[in-house]
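**Student:** Read off the chains here:
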Amino acid sequence: MQRIGVFVCWCGTNIAGTVDVAAVSEALKSEPGVVFSTNYQYMCSQAGQDIIKDAVKEHNLTGIVVCSCSPRMHEATFRKTAAAAGLNPYMVEIANIREQCSWVHKDMLTGTEKAIILGKAAVAKVNLNTPLTPGESPVTKRALVIGGGIAGIQTALDIADAGFPVDIVEKNPTIGGKMAQLDKTFPTLDCAACILTPKMVDVAQHENIRIFSYSEVEEIGGFVGNFDVKIKKKARFVKEDICTGCGACVEKCPMKKIPNEFNLGMDNRRAVYIPFAQAVPKVATIDPSACNMLKSGKCGICSKVCTAGAIDYKQKDELIEEKYGAIVVATGFNPISMDKFDEFAYNQSRDVITSLEFERLTNAAGPTQGKLLRPSDLEHPHTIVFVQCVGSRCDACAEKGKEYCSKICCMYTAKHAMLVRDKYPDTEVYVFYIDVRTPGKNFDEFYRRAVEEYGVRYIKGMVGKITPEGDKLKVQASDLLADKQLHIDADLVVLAAAIEPDKTARPLATMLTASMDTNDFFTEAHPKLRPVESPTAGVFLSGTCQGPKDIPETVSQASAAAAKVIGLLVKDKLTGNPCIASPNELMCNGCSSCERVCPYGAITYIDKEFPQPDRTVAVRRVAQVNPAVCQGCGACTVACMSGAMDLRGFMSSQIIAEVDAICK
Amino acid sequence: MQVNEYRPLIVAFCCNWCSYAGADLAGNNRLNYPADVKIIRVPCSCRVNPMFILRAFQRGADGVIICGCHPGDCHYTSGNYYTRRRMALLFSMLDYLGIERERTRLEWVSAAEGAKFAATMNDFAETVAALGENKRLEDLRCKK
Amino acid sequence: MHKDNEKMKSEIIRRSGVNPSKCMRCGKCSGTCPAYDEMEYHPHQFVYMVESGDIEPLLSSESLYKCLSCFACVDRCPRGVEPAKLVEAVRLSVIRQQGANHLTANDIPEMLDPDLPQQAIVSAFRKYTK
Amino acid sequence: MQKITRDQIVSKAVSLLQDGTVSAVLGWRQGEFCYDVTPSVFNTAEDIEANFVWNDFCGANFSKYLVSKTKNIDGKLLVFLKPCDTYSFNQLLTEHRFNRESVYVVGIPCEGMVDISKVKAVSGEGIVCAESKGAGLSVTTIYDENPKEIPYAEVLSERCLNCKSKKHVAYDELLGDEGEVIDSARFDEVEKLESMTSEERFAFWQGELSRCIRCNACRDVCPACTCEKCVFDNPNSGAESKAPTNSFEEQMFHVIRAFHVAGRCTDCGECSRVCPQNIPLHLLNRKFIKDINSFYGDYQAGAEVGMRAPLVDYDLGDLEACDVFERRDSE
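Here the protein sequences come in this chain order: A, B, C and D. Take the first sequence: its position 656, counting from 1, is numbered 656 in my numbering, and each next residue is one higher. Take the second sequence: its position 36, counting from 1, is numbered 36 in my numbering, and each next residue is one higher. Take the third sequence: its position 45, counting from 1, is numbered 45 in my numbering, and each next residue is one higher. Take the fourth sequence: its position 212, counting from 1, is numbered 212 in my numbering, and each next residue is one higher.
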C-alpha cells in the first residue's frame, strides 16, 4: 500500500478564488492510501516545495499528489522536489485544478466538487504508480552520411569539424553529386565547380572523414546511438590507395565508345575512367560491363601502362562492417524519365534535351567545352525554347508526372535563358511557363533581370506539341495572354523535367525503418518543428531526399542535420524517457500487431524459451521494446489483444483507476 | 444553479501534446465550459483503449469524448490515424447495439484551439444532457 | 453567378463528368489543339468559362462545331481535366435545346436499320442518351 | 450430401501417416450422439480406419487447434481444412501463432454443414440417427422409428447458407475440385438491423445478449482468440468477470470480444455454431467486417498470409469518426 501525501495549491486566488482548497485537502484525506493532506498558498514556491519535502520525510510518503496548475507547467518542478526528498520522481501525479477547473468554472460549489474528483483520480493513479528509471544506452561517436552530393558533403564537413568521425557512402566513383554537373548557380551565377570542388577537397583531406565511394549500404541494424551497418565497397579493379589519378590508363584504354554518364550520355568515356577532372577520390574505375580484360581476359593495357601498379583485375567486392551513432540520409534526386512525354519528342530528336543536359552543354568541362552547340549537328542554335513544369504539378491520377512542384525549375530556367542571351545575344529565347515561382532571396529580382535586361521572352502557356521537321523543331503553343496560337521553329528545346527522389531511397528507407511519403520522399519527424529528423530516432534527413530543394536550402538543411547529429554524438549516454511500452512476455502472443503500429520501429521479436509446468521448455515468439527508440505513444498497447503490452506511467490499470474514480 | 438539476457525467480523454494543451489554453483564456467534463490525460489519443470507454460507460458515465491532435499533426506522427479507425468502428458498433450515437465523440483539438476545446465541451455536454441519464449502459452495481 | 447559369454549369459538369476546377490554367490543351485557329473560344477558355458559369457565349459559338474530338487535349492535360468532353457536353446542350432528339433505350429498337453499323448505333446511343 | 466421401479422406490420412509425411492426424471423432462430432488427434492407422468421422456435422474449424497441437509435435500434423477454415489458417499464420512447417494441409470441399437445432425444430428431441439421404437428412428419433426426411435447405446452418467462399486459400494438397469465392448475401441481416431505430436495436440486442450465460464457448472456439492469456481471464485487465451481473456486462463482453477480433475475424461462424443460447454472435463480427469494407475498402481476413489488418493500418484520407453514421445512412 502506498503512503500518499496530497498537496493542494491555492495559486494565490487563481485556484482558491473558485475552489475551496481546504475542503479539497480535507476530502482527499479519506481517500485510500492518503496519509497526509494539506494546502498552501503557492506550492511551487520554495516554501511550498519545502512543505512537500518535509512531509515526505515526516510521513514516509511513497507517493505525491499535487492539486495545482497544469502538469505541463509544473510537473517537472514537483518531480525534482520529490527527487530531492529521496523519492522516485515518477511517483508524483498532478491534478490540474487550475487550467481545467478554477479558471473555467465560476461557481465555488461545482469548482470544489470537480477539484475533489480530479484529486481522487490522481490519488487512484498514484496508488498504482511504480518507480521508473530512465533507460540508458551508449552512443557510438561516429556518423554515417549516405550520399556524397552537396547535402552529404556539407553535413559530413560540419560533423567532422565538430570533432566526430564521419563516413560518407557514395554509390558513384566520385562524390559531388548533381551539383558537380551544374554550370552556374542561381541567383549569383557563380560557377558550381568553383564553389563545390574546394569543399570536395576539404572532405578528402579532413582527418575525421572517410569516403567510401563506389559503395552501397547493404544492411542496417541496431538503433539510435548504436547502428550496425554493412557497407558494400564494389570492386573498382583499381587499388584506391595506390592509384595516383594520373590518367595514363584512361588515355590508353582501347574501349572508347562507352556512353559517359557524367555528361548524361552526350559524349563517350573509356572502359577505365575518372568521371571528371576534380573527382574525389581522384582514382580510376574500371567498368566491368565494358572492359575487355574483365569480360574476356584479352587486353590488359591499363595494367601495363600503370607505373604505380594500381590495376587489379582480381579485385572483389568488399564488405565493411561499422558501428554508427547517427545516420544521415542524403540520397538526393534525379530528373524523371521523359519517355512518357511523346508530345515533346524527347526520344525522337536529339535536340530536345532536359535542363540537366543543358547544364552539361554549357559547362566548360562538358562535351562541347562550354560552347552552346546543339547535339544533332553541333550547330549553334538560334532559337531556343524552354518548357517549364514538364512532369511537375500533374494530376495524381495521371499516369505520367508528379503531383508536386519541383521548385527549382523556374529559377534554373531563368538562369539558362539569361546565360544564353548573355553569351549569344543573337539567340532568340522563349520560356513557356504556367506560373513563375520565385520565392527566395534575390530570386524574383533575378527573374526580372532575365526579362528586362536580357530580353528573354516569357510566354504564359504550356507547349502543346513539338514536331521535328528537317533540322527544325516545330513548337506549337498557345500564348494565353495574347490569346493566339504560336508556331515557333526552334533549333533547340529544353525541357524542365520534374525531379524525383533517387531510386535507392526506397530500399534504404526500408532498411532504416524510416517512413516515406507516396512520392518516396522521406518524411520528417514533424513537418514544421523537426524538419531534419526522421521519425526513426537517430536518422536524419539532408537535402532533396526530403523534398525538392535548391542549393542554398539544401546546404541549410545539411548543416541543420549536422547540428542535430552533433547534439546526439556529443552525449556519452542516451537517457530515455522512462514512460515507454513494456511487454509482459508471459502474455505476449507474438502476433506482430504492436510491431505494425509502432511509428518508430521500436518493437522487434525474439524466440524465447519458457519453462512449462510439466518441466518441458516451450519456445515462443515474444515482443521486445527497445527503450532507446520507443517514444511512449501507446499505439501498441491498444493493438495488443491480450493486453501484454502496457505503457509505463500510463498503464491500463492506472487509466482505468482514473476512470473509476471519476465515475464513482 | 439548481442543486437537483440533472447534470451528465462526461469523461474526456485528451492527448498530452495537443488537446490537453488546448484545454489548458481554454483555462488560460478563462473560457467556460461545464464542470461535468472531467479530463484524463493520455500521451496520445492512440493510448485510449476501447475498453476504457466501455469501462466509463459501465461505471455510469453519460458521455465519453476523445480528443487528439489533428490528422497529420500527431506528436508521434501516426497515432491519431489509428485512433480514427478504432473509434470509427467502435462508435459504429455501439450505435449498432442501440446505444445513442451522441454519447461518444472523437474531436481533433490542437494546442492553439482553446476556444474550440471550450466550444466542443459546451456542445457535447449540452447534447449529452439532452439525452438524459445513460440508462442503457450503466452498471447498477457501481452506482451510489 | 446567375441561377440559370449555375444550373447549366452543373448540368454540363454532370453530363461531361469533368471537374473544371482541377484546371491549373497551363494552356497545354490550346497549345496542342489542331483546330485552334478555327475556334473563337479555345479549349482552355472553354474550361475557364464553364468553371465561371459563363456559358451563354459558348452556346452560340461556332467553336462548338470546330472541335475535331481528336482528344489531344484530353491526352495531354497534366491535370486530367479532359476539355474535349466539356466541349462535347456544351454541344449536346445546344442540340438538346434545338429539338427533342434525346433518346431513351426504349426508343432504339424501332429505329434500328439492319444496314447501320453496330459501332454507329453504340456511339449514337452513348451520345443521345446522356 | 458431401461431395467427398469418408473413404477418400480416410485413405488419404492413412497413406500420409504410413508413408511418414505426417506423424499424427487432426480429424473428427464420434461423440455422445450421432450429430455430436468432436475434434480429435489420431495417431494410428487403425484408429483412423475405425473411428474417423466425416458427415454433415463436421463443422468444427480445425485451424485454432493447430496452435496447441503443433507445439510439441515431432514431424508434421495432418489437418483437413474446409474452405472457410483455410482463411482462419492463413490469419493465424499471419499472426505467427504456429509454424507452417509443422502442418500438412489437405483441403477438402464442403457442401455446407447442418445446424442440429434446426433439425430438432422439425424432428423434435431424441434423435438417434441422422444420415444423409439424397437431398436431405433422414432422421430417426426415439419417439418415432419411421425415418423423417428433411431437405438440406431447411437444416443447413446460417453460415453455410450464406457461404462466402468455396475456395481454399491455403493447402498442401487438395481433395476434389477447387471452388470459387462466392458473392454471398451475408450482410443482409446486418443491414436489416441497421435500418431499425436505435430503440429497436437496443431491444433486439438486449433480448439476444441477456440470454448469455458467459460460458465463454464463443471465445474458446474462436480461431482469432488464441491469446496466451485472455483479457477476460486476467484480473488486471479491467474486463475480467466470470459471471454476468447485469445487462450491460454482456454487451461489454461481446463488444470487447468483437473489437478484439475486428479486422482479424474471417467470419467462419464458429461462435454462433457453439453458442448454447443460440445468440447470433456472427452479427456482431459481420458488422465490423461490413464497416471495414465500407470505410476502408474490401478486406477479407486470411485471404493471404502476411496481410496488414485494417486496425493496424491507416490511410491519410480515412473517414472521420463523426462521418461514420452519415456514410452508413447514405448507403
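Please keep in mind that the hints were generated in silico from the structure rather than gathered at the bench. Some clues are possibly wrong.
Said to hold, decoys possible - Restraint-style ranges between C-beta atoms, simulated for each label pair:
| # | chain 1 | residue 1 | chain 2 | residue 2 | range |
| --- | --- | --- | --- | --- | --- |
| 1 | C | GLU38 | D | SER195 | 50 to 60 Å |
| 2 | C | GLU38 | A | ALA364 | 40 to 50 Å |
| 3 | D | ASP220 | B | ARG7 | 55 to 65 Å |
| 4 | A | LYS664 | D | CYS322 | 43 to 53 Å |
| 5 | D | LEU161 | A | THR604 | 40 to 50 Å |
| 6 | D | PRO276 | A | ASP395 | 54 to 64 Å |
| 7 | A | GLY245 | C | ARG25 | 34 to 44 Å |
| 8 | A | HIS382 | C | GLU38 | 45 to 55 Å |
| 9 | C | GLN118 | A | HIS382 | 19 to 29 Å |
| 10 | A | GLU26 | B | ARG7 | 16 to 26 Å |
| 11 | D | GLY179 | A | LYS503 | 21 to 31 Å |
Backbone N, C-alpha and C fix where the C-beta goes; we use that ideal spot for every residue, glycine too.
**Student:** Can the suggested window of 50 to 60 Å be confirmed for the beta-carbon pair GLU38(C) and SER195(D)?
**Tutor:** Given about 57 Å between the Cβ atoms, the range holds.
**Student:** Looking only at beta-carbon atoms, does the pair GLU26(A), ARG7(B) fall within the given range of 16 to 26 Å?
**Tutor:** Holds: the Cβ-Cβ distance is about 23 Å, inside 16 to 26 Å.
**Student:** Indicate whether the distance between the beta carbons of GLU38(C) and ALA364(A) respects the range 40 to 50 Å.
**Tutor:** Hint holds: Cβ distance 49 Å, inside 40 to 50 Å.
**Student:** Return holds or violated for the Cβ distance of GLY245(A) and ARG25(C) against the range 34 to 44 Å.
**Tutor:** 52 Å, violated
**Student:** Could you tell me whether the CB distance from HIS382(A) to GLU38(C) stays inside 45 to 55 Å?
**Tutor:** The hinted range 45 to 55 Å is violated for HIS382(A) and GLU38(C), with Cβ atoms some 31 Å apart.
**Student:** Does the Cβ-Cβ separation between GLN118(C) and HIS382(A) fall within 19 to 29 Å?
**Tutor:** 54 Å, violated
**Student:** Just tell me: holds or violated, for the beta carbon distance of ASP220(D) and ARG7(B) against 55 to 65 Å?
**Tutor:** Hint violated: Cβ distance 43 Å, outside 55 to 65 Å.
**Student:** A range of 21 to 31 Å was offered for this pair. Does it hold for the Cβ distance of GLY179(D) and LYS503(A)?
**Tutor:** Once the Cβ atoms are compared, 42 Å apart, the range 21 to 31 Å for LYS503(A) and GLY179(D) is violated.
**Student:** Could you say whether the range 43 to 53 Å given as a hint is met by the Cβ separation of LYS664(A) and CYS322(D)?
**Tutor:** At roughly 30 Å between Cβ atoms, CYS322(D) and LYS664(A) fall outside 43 to 53 Å, so the hint is violated.
**Student:** Hint says 40 to 50 Å; check whether the CB-CB distance for LEU161(D) and THR604(A) agrees.
**Tutor:** 45 Å, holds
**Student:** Should the hint that PRO276(D) and ASP395(A) are 54 to 64 Å apart at their CB atoms be regarded as holding?
**Tutor:** Distance hint for PRO276(D), ASP395(A) holds at roughly 58 Å.
Hints 3, 4, 7, 8, 9 and 11 from the list above are not met by this structure, while the remaining hints are.
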